[in-house]
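K.L.:
Sequence:
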Amino acid sequence: MSDAHAEEPQTGAETTPERPPVDPRKVSFIGLGVMGGEIARHIAEAGHELTIYNRSPDRLKRWQEENPGLASRVAANPAHAALDADVVITCVGNDDDLADVVLGPNGAFRTMRKGSTFIDHTTVSARIARQISVEARDLQIQCVDAPMTGSQIGAEQGTLTLMCGGRDAAIEAARPVMEAYSSRIVHVGKAGAGQTAKMACQICIAGNIAALAEAVRFAQASHLDMDKVYEAISGGAAQSWQMDNRWSSMDADEFDFGFAIDWMRKDLGLSLEEGRGLGVSLPVAGLVDQFFAEIQAMGGGRLDTSAIVKRLPRKSRP
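For the sequence shown, position 138 matches number 138 in full-length UniProt numbering, and the numbering has no gaps at all.
If you are wondering where the hints come from, they were derived from the structure by calculation, not from laboratory data. These numbers were taken from a predicted model, which means no experiment stands behind them. Positions of the beta carbon are idealized from the N, C-alpha and C atoms, including for glycine. Fair warning: there could be bad hints in the mix.
As the list claims (entries may be wrong) - Simulated crosslink set (DSS-like; lysine-lysine; CA at most 27 angstroms straight-line):
1) Lys266 - Lys310
2) Lys26 - Lys190
3) Lys114 - Lys190
As the list claims (entries may be wrong) - Cβ-Cβ distance ranges computed for the label pairs, FRET-style:
4) Glu66 - Lys114: 31 to 37 angstroms
5) Gly269 - Ala76: 29 to 35 angstroms
6) Val74 - Gly279: 44 to 50 angstroms
Make the full structure from the sequences, and use the hints.
P.N.:
See below:
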C-alpha cells in the first residue's frame with residue numbers, strides 16, 4: 001500500500017461536496033495506491049486531462065481496468081509523466097520513494113516546466129518537504145506539501161482534508177485541482193508545515209485510540225452492556241471519531257479497516273524525530289508507539305490501529 005495509507009477520518013464528511021466549475025488542466029499523477037488511485041479518479045472525473053504513473057505495473061493495470069478510459073496517457077517513468085504537465089501530484093510511500101520519483105534520474109523535476117505546480121500528498125518528513133521546496137524554487141516550480149487525513153472513505157468520496165505547506169501563490173495554483181477530491185484545504189504555513197501539522201494529527205490519533213482500547217477492555221471486564229456504555233459516554237466530552245467508529249468493532253475483535261499499524265508507526269516515527277529536533281518531549285506518543293510495536297511483534301502490523309486493543313487481555317464474560 002502506498003501513502004497513501006488510508007488515514008482515519010477527521011472531518012466527519014459523508015457526502016460528496018459541491019464542486020466549483022473546472023478550468024481543465026493537464027495533471028500527472030504518480031502513485032496509484034489506496035488513496036492515490038481514488039484521488040486520480042476524481043481528478044479525471046472533474047474534467048482534467050490525466051496522465052498516470054505507478055512503480056508497480058500490476059497496480060497500474062488494475063487501476064486502468066477499474067477506471068477504463070479515464071487516463072489520457074500512461075507514462076513510462078515520473079519524468080515522462082511530468083512532460084508538458086500543468087500540475088504533477090505524488091502520493092507514494094516514504095522519504096526515499098518521494099526523493100526517487102521527484103529528484104531521481106528519472107524524477108519529475110527533470111522535465112517539469114517553469115511555472116508548473118507540484119503537489120505532494122505523501123506523509124513524509126518535514127526535512128524532505130523543505131528540500132523539495134528549495135529544489136522547486138530554483139526551477140521556478142510552485143510547490144505544495146499537502147499530507148491528508150480523511151481515510152480511504154474520504155478518498156473515495158472526495159472529502160479529504162489537506163494540510164498544506166508552501167507559498168500563498170503555490171497554494172492558490174494547486175487549489176483548483178485539489179478541490180476535485182477534498183472538502184477542506186487548510187494553508188498551515190511555509191514549506192514543510194503541512195507535514196508537521198500531519199504529525200500533530202497522528203499524535204492525537206495515537207493517544208486517542210490507545211485510551212479507547214483501555215476503555216473498551218475496562219467496560220468488558222465490568223460485564224457492562226457495551227452498546228449502552230457507548231450510548232452513555234459518546235454524547236459527552238469522551239466522544240471522538242475513534243469512539244464512534246471503533247468502539248463496536250474493538251468489542252467484536254474486528255480490525256480490518258484500512259489504516260495499518262505499520263503505517264502509524266512510520267508516522268509516529270516522523271513525529272518523534274521531529275520532536276527531538278525541536279526539543280519537544282512526546283512521552284505519550286512514544287509510549288503508544290511501543291504499544292503498536294507489540295502488535296507488530298504479534299504479526300498484526302497490517303491490522304488497523306484499533307488492533308492496539310489486542311495487547312490488553314480480554315476478560316471472559318460470566
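K.L.:
Against each hint, give a clear statement of whether it holds in the structure.
P.N.:
Evaluation of the provided hints:
Of the pairs offered as hints, the one joining lysine 266 and lysine 310 holds, with about 20 angstroms between alpha carbons and a cut-off of 27 angstroms not exceeded. At roughly 26 angstroms between alpha-carbon atoms, lysine 26 and lysine 190 fall within 27 angstroms of each other, so this suggested pair holds. At roughly 20 angstroms between alpha-carbon atoms, lysine 114 and lysine 190 fall within 27 angstroms of each other, so this suggested pair holds. Checked against the given bound of 31 to 37 angstroms, the beta carbons of glutamate 66 and lysine 114, roughly 35 angstroms apart, stay inside it.
Take glycine 269 and alanine 76: their Cβ atoms lie about 33 angstroms apart, and the range 29 to 35 angstroms holds. Distance hint for valine 74 and glycine 279: a CB-CB separation of about 47 angstroms, consistent with the stated range 44 to 50 angstroms.
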